[in-house]
Every structure is written in C-alpha cells, then in structure tokens.
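Peer 1: Protein chains in written order, with our numbering: chain A, 1 to 538; chain B, 1001 to 1823; chain C, 2001 to 2104.
Just so you know, nobody snuck in bad clues.
Calculated lysine-lysine pairs in the DSBU-like style (CA-CA distance at most 30 angstroms, straight line):
hint, chain 1, residue 1, chain 2, residue 2
1, B, Lys1032, A, Lys477
2, C, Lys2101, A, Lys324
3, B, Lys1792, A, Lys169
4, B, Lys1792, A, Lys166
5, C, Lys2103, A, Lys405
6, B, Lys1792, A, Lys477
7, A, Lys169, C, Lys2101
8, A, Lys169, C, Lys2103
9, A, Lys489, C, Lys2103
10, C, Lys2103, A, Lys477
11, A, Lys489, B, Lys1032
12, A, Lys166, C, Lys2028
13, B, Lys1032, A, Lys405
14, A, Lys166, C, Lys2103
Far from chain B, by Cβ distances over 10 angstroms, these chain C residues were calculated:
hint, residue
15, Asp2004
16, Pro2005
17, Leu2007
18, Asn2008
19, Ala2015
20, Cys2020
21, Val2050
22, Tyr2055
23, Thr2057
24, Val2071
25, Asn2089
26, His2091
Since the hints were made in silico from the structure, they are not lab data. Everything numeric in this text was worked out from a predicted model, so none of it was measured. Heads up, the beta-carbon is just placed ideally off N, CA and C, and yes, glycines get one too.
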Amino acid sequence: MFSELLTTLINNTLSKGLWNFSAELCLSGTIVVMLLMRLLSADRLLPTFIVGLIGAAAAGGCSFAQFADLIAANDTVSYSFFGGMLRQDLFSVFFRIFLTLFLILTIALTVLTGIPDNEDAPDFYSLLFGATIGMMLMASANNLLMLFLGVEMASVPSYVMVGFLKGRKASSEASLKYVVYGAGAAGVMLYGISLVAGVLGTGDMAALAEQLRVVAHGTAGLDNPEVLTVALGVMLVMVGLAFKLSLVPFHFWCPDAFEGASAEVAGFLSVASKAGAFGLLVRFCVGLSGVPETADLMTAFGVGLGVIAIVTTTYGNLAAYTQKNLKRLLAYSTIAHAGYMLMAVAAMLVMLNSDQAAGLGKAINYSIGGLLYYLAVYMFMNLGAFAVIALVRNYTFNEDIDSFKGLISQSPALCITMLVCIFSLIGIPPFGGFFAKLMIFASVYQAAQIHWAMYVVLAAGAINTIFSLFYYVRILKAMFLEERPADVKPVPLPAMEGYYVVVLAVMVALLGFLPQLVNGLSSIANEAGHAVLLVIGG
Amino acid sequence: MVGETLQKLLMTAWLLPLLGFVVEIFFGFWSKNPRHSKAAAWTAVGCIGAGFLCSLTALVMWGTASNAFDDGDAEGWMSQQADINHARHPHHEADSSEGAPPHEHEGADHDAEHHGSSEAGADHILTAVATEDDGGPKLERGQTVYSGTIYTLGVFGSLELTLDYYIDSLTLVMFTMVTLIATCIHLFAIGYMSDELTDEYVDHFAHKADGSHVHRPGRFYRFFAFLSLFCFAMLGLVLAGNIFQVFIFWELVGICSFLLIGFYTERKTASDAANKAFIMNRIGDFGFLIGLMVLWTYFGTFRFGDTMVDNEVVDQGLFSMVHRAEDGNFDRDELTGDVLITGTDGHVLTNEDGSNRQIPYYLLVVVGLGIFAGCVGKSAQFPLQTWLPDAMEGPTPVSALVHSATMVAAGVYLAGRFFPMFVQEVLLTIAYTGCITLFLAATIAMVATDIKKVLAYSTISQLGYMMLGIGVFGWAAGLFHLITHAFFKSLMFLCSGSVIHGCHHEQEMPKMGGLLKKMPITAITMLIGVIAISGLAIPGVIAFSGYHSKDAIVASALAFKNANSAHFLLFFIPLLTAGITAFYMFRLWFYTFWGAPRDQHVHDHAHESPWIMTAPLLILSVFAAFCAVGGDHGYLYLLLTGDEPAHLEAGVTAVGDGITLPAIQDIVDEHTTAGTWALVAAVSGTLIAYILYGTNFVNVEEMKRQLAGVHGFLTNKWHFDELYDALFMRPAHKVAAFCAWFDGAVFDRILHGAAKATVVVSKWDRVFDENVVDGFVNLIASATQSVGTSLKVVQTGRLRQYVMFIVLGVVALFAVMFTTFPG
Amino acid sequence: MLHDPDLNSYLFIGAVLFVCGVICMATKRNAIGVLMGVELVLNGANVNFVAFSRYTTLGLDGQIFSLFVIVLAAAEAAVALAIVLNFYNNHLTVDVDRGNKLKG
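Construct the complete structure from the given sequences, taking the supplied hints into account.
Peer 2: Structure (structure tokens):
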C-alpha cells in the first residue's frame, strides 16, 4: 500500500508537478549556479547579473509556456499538485509571469545603478531570487503550510536586502526593525494558522469553508466557540498578511525599512512583495468563502477589510504630507496604494458571499481582474519612481526632495518619467493608473449594491485620490518649477539609464493610451480572476 | 500601385517640414549654442529639399503613368486636345464590340468611365481610361485622379471629419512648385537672416519709450521653424482632399503668415501689419465658413473626389454630386429650377421620402461666393487687398515665399480646385473682382517708391490676372499664370532682398540707382524676372514664361468678350494693364540698377550678396525664364491641364440672358490676336519706362508736379485706407463712443445703485465668508496638514513600541470583531 | 490525581508561551532577547500544532507543520543574528532603542 502511494506520488510529481514548478526550479537553479560560480571564481569572467538575467529569462519562458498551455486548455483548469500544497491555474501563472518580469526589470535597474558591487553581486542576486521564489509560492499556495512558508521565504531574504548597505547606520537599523517586526508578525500569523488548522482539522485552503461548516454544526456565529476560535485564527493570519501588505496598523516597518534600504530594494519590496501577498490574500479569502452558512460572517469580514482599506489609504496619504525624504514619502504612498488594492479584495469578498453571487460572476472576476491590473500598472509606475530616485541619488548622494529641485534644467528625461509615473500614481487619465483605479472603484461600486458600507469605501477612495494630489504634486513642483540650488550636484544622464526610465514611463503611458493593451491585459486579468474562483466551484 | 506610391511620396514631402518645425522650435532647448548655430536652418533646408525631391519624383511618376509627356506629334496643341477628347469618350465602339451593356447616360461622359480602369485593384482611381485598344499603341491620356482618406479625425453623427488626399495634376504641379521655390528661399534666407545669429540683435527700426533701439536675442532658428511650419501648412492645403481640411490648413497658413509678418514684433508697424493681415483674412474666412455650412447642409460631405475601394464608390465626393448636361449647365429641376444632386452615375439621388435631393440654385451661388470670399481675403483681391502691401514688414524671404509665390496664391488655387462647383454668376464675380484688382494695384505700383511695395502691388495685380483668367473660363490660363508668376515673383523678391541686404536695409528706390555694376548678378537676374513678368518676347524666337501665361489669360478674356460683348472691359483693362505692368516693372529696374547713383552713401556701401543668396537667384531665374517653354504645347501646361474640369472643353451655353462661357476652341482661335495685342502693350510700357527712367529726355520730377493730383491719389493707394477708415473705423468709433456714453450714463447709474446694495450685502457676506466658509476651508486644510503632522508622532522610530503596536492592533481588532460581527 | 491532560491544557501552554514571547519582544531592549521572544512565539504555535495533531483530524499534518516551523525558525534566527551583528558593527551596541534615527 505504501509503495503504491509512493508510485502515485512520483508519477504525479513527474507528470505535472515538476513542469508546474519549473519557473521556481529555474530560479533555484540559478541561485545555486551563482553561488557556485563565486566559489570557482567564475564570476570574474561572467558577470553575475548576466547569469541572473538568463535564469530569470528561463523562468519567464517556462511561465509563458505554462500560460500558453492553460490558454490552450481553456481557462477552466485548476488543480493542486505536490500533494495539495500548491495550485496550478491562470492566477498562479499570471503572478509567475508578473514576478519574473519584475525581477528582470529590477536586475536591469541594479546593473544601471551599480548596487550591488561585483563582490556582493552573487549574494544580492541570490537573495533577490530567493525572495521572488517565496512570492511565487505565496501566489500559488494551496495549503496553510505553504502560506507560512511562502511568507517566510519572501520575508527572510528581504530582511537581508534591506540591510545590504552594510556600512550605513540607517540601513542596519532598518533591517533590524524589519526583521524583528517581521518575525513578530510571522509568529502571530503562525499562531493563527495553528488555531485555524487545528480547529478545522485541515491545512487545505480550498476546504476551509467547507470544514468550517462541518465544525460549526450549522450555527456559524461567534457565539459558537469553534467559530470564534477560527475567527481569531483568521484574524491573526490576517495580521501576518497585513504586515506583508503594510496595512495600517501593521505598517510601522514600512517607512523605516524603505528609508534605510537602497531605493532599488525599496522599489522591489514595494511592488513584488505586495503582489505576492495580495495573491495569497485572494486565495485565502476565496478559500474561506462560498458556503452559505458562513456568508454573513464573511461579508462582515469583507466590510472589515474595506474599513481597514479606508484607514490605510487615508493614513498613508496624510502621513506622506510632511515627508522630506522621497523614499519615505513613497513608502507612505505605497501604504496608501495597498489600501486602494485592498478595496478590490473587500469588494470581492462582499460580492462572493452575497446571495446573488451566482449572478455576479462577471463582477467578481472583474474585481480580482482590477486588482491584477492595478498590480501590473503599479509595477511600472512605482519602479519608475524608485528608479528615478536611485539614479538621482547616484549623482547627488541624497534622496531628499530638495535634491530634486529644478531637476528639469539638467535631466528632462528623468523629470518626464517622474511626471508620468506620478500622474499615473495619482490616477490622472489617460495613464495606466487611472484605468486601474477606475476598475477597482467600479467593482467597489458593484459591491456597494450589496452592502451599503462599500459606498463609504468608494467615497473614501475618491476623497483620498484628492488628498494624494497634494504631496505628489509637491514633488513635481520641486522638479519643474523651482530653481536648482547651487550646492546640489548636477545630474547628467547617460543614455542607458535614460532609456530604462523612459521605457518604464512609456509602459505606464501605453497601459493607459493603448486600448488594445488595456483590453488585452484586463481580459487576461479577468480570466485569472475567474481561475482563482474555480477552487470553490466558480 | 501608382496611387499608393504617389500618396506616400507626397505625404512624406508634406510631413517632413512638420518634423523640421518640431526639431527647430525646440532648437534652443536642444542646442548648446542656439543663437549662433545654423543647424536649424540646414534642418529646414534638408526637410524641404527632401520634400522637393519626393514631389518631383511623384510628378515624373504621375506623368509617366498617365502619358502626360507624350506630346510627340507635329500637329501640336489641337491634336493633343483631340487625343484628350478621344480619351474622354472611351471607345463606344469598343463597348459594343465587347458586348458590354451600353451606358444609360450618354451625356455623362465626364464621370462615367469607371468601368474602364486598367489600374491595379487597390488604387483609388476616380477616372481612368482603358488603353488596350485593338488599334495598337496609340497615344492615350486619361484623367487620372487619386483620392482617399488618410485619417479620420472624428465622427459626429453623420458628419465625418477626415484628412483626405486628392492627387491630380494640379496637386502635383503645385507641390513641386512650392517645394522648389521654398527650397531656394530657405537657402537665400540663411544668408539674409544671418545677422540674427547673435545673442544681442539691435533692431534699428524698433524704438523703446526712451528712444533707444531695441536690443534682443537673435531669432534665427525661430524664423526657420516658422518657415517649416508654413511649408507644412501650405503643402497640407494643396494635398487636402476635402474642403474642410482645406479650411484647416488655410487657417494654419494664416497663422504662419501672422507670425512671419510680425517677426520683428518689437516694431509697431510690423505687429500692426500682422494684425491687419489676420483680421482682413478673417473677413474672407467668414464667407468661407458660410459656404462650408451650406455645402454640408445640402451635400452632406466635404470631400472633393469619390473614395474608391476596388473600383466601387464608397464615399461620394462633391464633384460628382452635381451633374452637367451637354450644354455645360447643371441639371436642374424643371419646375423649381433647383440644381439636382446626383450619384456618380448621373442618377438623381433621392431623400428618404422619395423626393429628389436638390439644392436651390441661389444657394449654389452662395456657396461659390462664400468660398470665393475666402479666396479674396487670402489672395488680397479687391476689396480686401490692403493687407498685402503692409505685410511687406516681414523679412524679405517671407515676402518672397509667403506673400507672393505661395500662400497668396492659395486663393487662386482654391478657386481653381473648386471650379467644378462654380456657376456662371460666381465666375463673373470672380472675373470682375480680378479685373478691378489688377488695374487698381497696377496703377498704385506705378508711383510706389519702396522697392518691396512695388513688388507687393505687382503681386496683387498679377493675382488679379489669375482670378480674371479663372473667371473668364480660362481655368488653365489662370493656374498656368499662378505657376509662372510664383517663379518670377519669388525671383524678383529675392533680388530685392539681395538689394536691401546689399544696401544695408535701404528700401527706397530714390536712394538707389546705378547698382548694376555693384551687384551684377542681382541686376541681371532681376532683369530676367522683369522681362518675364512684363511679357516681353520675340514671338517665334524666344519668350519667357510670363509671356505665355499672360497671353493665355488675355486670349481667354478676348474669347469671353467675343461671346459676351457687354463685358468688353474684362478684355480691355487687362490689356491696358499689361502695358502698365511692363512700365512699372521696368521703372523699378531702371530706378534701382541703371543710371547714376542718387545717394552716394548708399552706393558706396552697396555690395553683392554672398553665394548662398545669389545661388537661389540663379536657379530661380532659370525657371522664371524657361519653365513655360513651349507655351501651351509645353510640358508645364500639359501637366497642369492633365485633369482640367471636363466642362471646360465645350464651354457653357447661356441660359436666357446669362453668360456664355467660351469653349477651348474659341480661346485657341483668339490666341494669336490676343498675343499680338498684349505684346504691343508690353513693348509700349517698356519704352515709356525707358524714356522716363532710363534716359534723361524727360524730367520725371516735372511730370510728377504736373500730374500732382493723380499722383497723389495713386501714392495714397486710391485712398483705400482712408476710405475704410471713414467707412468702418470711424463709424465703429462713433458707435463705440455712444455705447460708452450710454454705458456711463444709464447702465452705470443702475449698476451703482445695485453695487451699493451689494456692498451692504457683501459686508455681511464677508463676515460670513471669513468666519464660516474660509474657516471651514482652512480647517480642512490645516486639519489634513496637522493630522499628517500628528501621524508623524505615531511613527516613533522605536522598535519596541512597534511590536507593542502589533499587540495593541490585534487586541483592538479582536475587540472590534467581537462587538460588531454577527453573532 | 493524574489524569490525561486534554487538548485545552496543551492549548493553554501554547497560549502562555505565545504571550510570553510577545511580551518579551515588546519589552526587552537587548536584541538577542528580542529574538528569544520570537522563538517563544513560534514554539507556542508549535505546541498548538502538535496538540492538534494528537487530538483532532489534523493528524500528521500538524507534526509536519511543526517540523517545518522549527527549520524555518532556525533559518530566521540565523539571518536575524547576522542582522543584529551588522547593527552592532554600526552602532557598537545591541540595544534596540538606539536604533531610533528612522522615524516620522
């Protein structure tokens, strides 16, 4: 019997698992190669970043092949592999492609800005790759164990990357705060997982709602001690995810870590780690939904997320007002944007658990699709902003707004890129950020038809867009309208760096201007949103 | 294939100057040394030069494809016409021999040849003629027009605004002419404008309030940016495939003209002239807009030609919507007299209720007059002619390019382009307008002393000739003159620019004289231009371009006079003016280059211009002399008339007491007579000019005193400025003064009362506003700000407190969950 | 008097460990002490897992969970210690309150 089990396991692994896991395997292999190369001193012959790019490209190729497979086999494919640990569907593959693309962009940026130097390159890229694998695991997790492993796998390398500027006091302080805060949050989350898994008797995320129904014996209210325990556990898990998403009140690490870290790392963390966490959050929330008995509870949960989204967005936007350091300012902006994206998840939860869910299929897909579209645009616009900061820092050795004053006279390309990125971050049409925000607000509006509280969320989102205008425009005002102070070093711009940022800006613009791109990407995002719901039967 | 290639070539030629404009206008931004670099100028030259090559290629291609160059046989013009006629009536015998169904409308020959296309499928061929006749390789020439849509700007209901192209012989010749002349003038301007290559340009003609000269940075690159923009606009106007698009570019050349006239913007005269030009043009454009509205209302399209896809008409253009019967008149409803609107096959189109679509005849007149009003403004015809002489305030290359050779010719071009839609009444108006203009301007030119002003009035006069030509049914003659005039007038303007440059911005001819030795190249090339415009020739031996084109116009006028004896002035005045033209042009030449120097100071400092200015003179003089070689057997004429409107050939028969328009044959018959008369007039004018200004036989000053009355009348430009002042300006001032009085006496009383009441209210309002509204707004602003500041306090930077916040957060969330979640 | 402890007893132990860990993290100024607090929190959860695997349908999954957590805790501790060392290199102390430059 045992041998039979083993054979099945091996067969399944070889036939499906390995191929589904090929992107992660490519990245893992690349880490090994990079570390071995330094052992053999081969990194002097072949720069590490080239190996990294090749590995990332291979992972991207595998992801694309999987994407093609899934599209060819219709979008209704969703199955777990590796003994139910991971799940393969369009949603996972979307994140694999997204993350490898972002990985490549980040490697390119680090090559252009010269952080890390040659000595540290294998270390740095190993950490970068490791974190990326963790984020991929988060997005395809199908078990509470993988949830925890994915979060840790993404976090632990991130702690080190934040502290990568070894001689800097700020950097070491930032990484210490990050690691302690992260470890604390992870501990809380693990405790929550132990409660959820223990009470429900399973780690399978797809079965959470069903198990809850069984355990609750039909009375799914908080007066039932089992349900109360599970609710507490879910809340503790949410604390861990909120830490990854830097949601208020679990955001404290974020400004400090971003300010202490180099702009490249901050850019990576602000996008990739958030993306992975949102993938995980969506899977977790979907797993908890879809059973009529717990629908009220989950709707309340969704509204709660909406309230957290309001608080987060408002907090991020208001706290950004008085910031002088640009990385810190963008950290608060990141917090605010996490709030916007969380609105989509809240809307999804409210719609998914309403009694009209069957008729709202499209709208639910659309809310997840909006989130994914937002992430895709956010990747380009936020990386663009951080890239500009990194490039300017290389000349002025300063990341304050003052060092950006009057930059237009010296580096118009950087300023235009910043302009495009910031306009998109604000959500000014016709840039990508506008459509992303529009899609999310549209689904919040849909959800508001079901629960009135979502109107409040919608209004808060709209008001916050206006709040955010002021501090973003402050950056632009400094760059375009003010005189360049005499004591700030000039910023020339070599061609390659200029091309890089301009490409990012063009992508941000195209994601808004080019209807084919907007439609294409959003329809893929909606398909992926459909795929993730298959686990509870569509 | 030909159509596509032509379209691509012309679009390249059209868009290159736009690219140039963008590059040049940001030149100060891109260049390290923008005020001293000629790179912008060479960019402009490169763009327009490349555009010229494209246009020339297109022209040759089109000519080859449509057999335009095969003049071959010795029988000359008439046989050529016969061939064209033959080509236009394609093979009735071929139709029957092939068993093809005969045409329903035998009279519809000018638009019924679609079936005979031998061109490749995707081309948009309006009309093409089958050449695979059984008779062997006989010369066939077809009307070959390519039209289609480049880009759709927008669709508003049934109104579709598009960028179209309409390529026929006229388009191609205009393209080549404009680009060639523009290239020469760009080159010339590099030399002429070189004093702008400085960080501090001193404008001796502009004064500040304290009387000192204006000092400003040089604007070399800006000048070339404007020139490039102008070229783009002009080429766009010529390429335009619908009348609305024409209007767009019409306004764009207007704005370029405004910018270039006012280039020396610190000079009050220049900025006034720029305003005047712009406002005068607006008056004409108002008529243009009315015409457009009527067109849209009744025809529902702005397109000229039919848009073809695979030889099927998908969008019908204006030209095929009105149908001419065999006598040349429009098909009209027998009862109402309205003009019928027809489909491409001559069938009358119907409305939804089944009635015939038609447009009242008088509205068709309104359309024609409206469009022509635009032409009047742009081409400085009477009564809107006064802006053009003032426009000479711009730099001389601008005068040469914009205000003589190309932009002002746009009016004539449009009149020619829109010719198929003009009815007899409109044509007669055009003819008389041209006739008045040409005489008026020529008389003023006789007494003007500023060298550029003489040329400016000469330009107006020549434009009058062209309008007259078009008005008297000499379509080809008018446009022929447009091309030749462009060459010799741009030549003469550049020569005058060279003189002005050489004499250090002296423009008064009485201070010149005897410059022939100092500036030989300028003088000789100028002489070529003068001979060309005067129409001097030795018939049968040598004749410069002006002779051919002007004779064609005079011949048309004579034929018109023969057909309509009441309108004899339309022949005699141009004839007389031909003499006047020769007189004032030779006066100019003798004044400037001949005899003894009248101002020793100017003469001593005069010098020949550098090669970059003289080279364009030489190139242009060749064209001015020889571009029309062969007259109406020459290549230029044949190319130009390749696609002339079909009803020209047989003329138009009068309806009732109306106007008869002469057939081509009638005009040809009068050619010799008219040519002789015109030559006599020109020679007499030349002789008088020589006697008065070339020799010392007659004391000119004495004559001037004797004729002081007439002279004064003419030097004051027929008192037009005063007339307009009295007619429009002063009444306007009076009305304005009355309004001001009424305003002060009546309205202000009421208003003051109201104001006092308002003040009382507003005092209360202010209290409310400051304390409540402002307080609220400030509260929000300071609240967000202070919340932002207070949020900083939360972020203490202390790690242990952060961890504490996790705990507090969890506890708080749990409390919230426990209290609010459903039980 | 001795009788089999039930599930709640184990959970109680786990909860006590968890709370101790959190308090330790929030109060200790020594960075090493803070990391020990982290270990306590994780092990509190581990006790829960093992207890659940004994008493509920979670079964062996709980044991696997705790094994993975132990491994991860080791990895995390290694990284955290390296970071503390880096902090020490820059600040010449492991007092976490000395890291207060980044704030606002």
